[in-house]
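Student: The lines below spell out each chain.
2 protein chains.
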Amino acid sequence: MPQKPKILATQVVASSELFCIETVDLRFSNGEERRFERLAGGYNGAVLVVPLLNDDTVLLIKEYCVGMEDYEYYLPKGKVDAGEAMLAAANRELKEEVGYGARQLHELVAISQAPAYMRHRTHLVIARDLYEEKLQGDEPEPLEVLPLPLAELENWVMNGKITEARSIAALYLTRAWLDKQR
Amino acid sequence: MPQKPKILATQVVASSELFCIETVDLRFSNGEERRFERLAGGYNGAVLVVPLLNDDTVLLIKEYCVGMEDYEYYLPKGKVDAGEAMLAAANRELKEEVGYGARQLHELVAISQAPAYMRHRTHLVIARDLYEEKLQGDEPEPLEVLPLPLAELENWVMNGKITEARSIAALYLTRAWLDKQR
Chain A
1 MPQKPKILAT
11 QVVASSELFC
21 IETVDLRFSN
31 GEERRFERLA
41 GGYNGAVLVV
51 PLLNDDTVLL
61 IKEYCVGMED
71 YEYYLPKGKV
81 DAGEAMLAAA
91 NRELKEEVGY
101 GARQLHELVA
111 ISQAPAYMRH
121 RTHLVIARDL
131 YEEKLQGDEP
141 EPLEVLPLPL
151 AELENWVMNG
161 KITEARSIAA
171 LYLTRAWLDK
181 QR
Chain D
1 MPQKPKILAT
11 QVVASSELFC
21 IETVDLRFSN
31 GEERRFERLA
41 GGYNGAVLVV
51 PLLNDDTVLL
61 IKEYCVGMED
71 YEYYLPKGKV
81 DAGEAMLAAA
91 NRELKEEVGY
101 GARQLHELVA
111 ISQAPAYMRH
121 RTHLVIARDL
131 YEEKLQGDEP
141 EPLEVLPLPL
151 AELENWVMNG
161 KITEARSIAA
171 LYLTRAWLDK
181 QR
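Quick mapping for you: the protein sequence lines, in order, are chains A and D.
Residue 108 in the working numbering sits at position 108 of the first sequence; the count goes up by one each step and never skips.
Residue 168 in the working numbering sits at position 168 of the second sequence; the count goes up by one each step and never skips.
Heads up, some of the hints might be wrong.
As the list makes no split between identical chains, a pair holds if one copy fits it or if it spans any two.
As the list claims (entries may be wrong) - Here are the simulated lysine-lysine pairs, DSS-like style, with alpha carbons at most 30 angstroms apart: (1) 4 <-> 180; (2) 180 <-> 6; (3) 95 <-> 4; (4) 95 <-> 62; (5) 134 <-> 6; (6) 6 <-> 95; (7) 79 <-> 62; (8) 180 <-> 95.
None of these hints come from the bench; they were simulated from the model.
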């Protein structure tokens, strides 16, 4: 394991309501110096919830994604609010986006996305023993909720029906976790 | 499927050397209007390469990620250059980051990351029949290359050794694809 590069300086170079971009000047252990850019913020982390209707079926939501300019199917997710417990955030997002709460919440593992550009960590949370409860979120239109039979996971991904990387990772990990429970 | 929202306006509100942030004003089919922000660019797409040393072993790289301020293990990847064929980009990244070329390249599927915030599509490419060839990349220090036995995938993810969402998704999809070939 090489020694970590030394951070010589960081500087905010651009920002908007949602994003903050900073430069980071690094000196690597071999003496090389480089300037990188990254997105600051997101340090409270995020949750991605796997709502198990039963041991063979997961609930997905369908939401309009302005990045892709299309509707996408994925798992409910959101940021952990300041001061909010991580599992509480998972249950809140589940109630807001899917219309269920969970009596059992289990953190599987935390994963990263674009680790070269963000500090963002996403906690994958399995939600079981569901009950109906709807909380009002800030969605501009109602989200469609769709059951995915876990046996169909490969097909849905290979056919392009599910594309989002964190959801795909979470669904495979959930399947492996369930296999171990049986 | 609801009708897609109408894009009323887009405007660049901040930019740096690497990032460009734009606002998008949307009117949803129910009449709700909202302003969102997204990262513009990345429209050529990216490649994420799964280098198979053999049918049981994948090669990972270890690289310093300034977002996480730590070294991370993941699959070789990079942007497709303007005018470059997607599979050629995959082979170039493989040569630059791992020191191998591949005689067989197969696109598995394309996935998204943060589809609400980026248009970014990542083509997952399985690379087989490898041969040694090193191309000079722009890395500040040599990358460590590490073989991952595919049978160990779950353990490495659950122990936090592999965290990057796209790599986890690609490795599970590769394992499923290999199972089908057998």
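Student: So which of the earlier hints does this model not fit?
Tutor: 1 and 2
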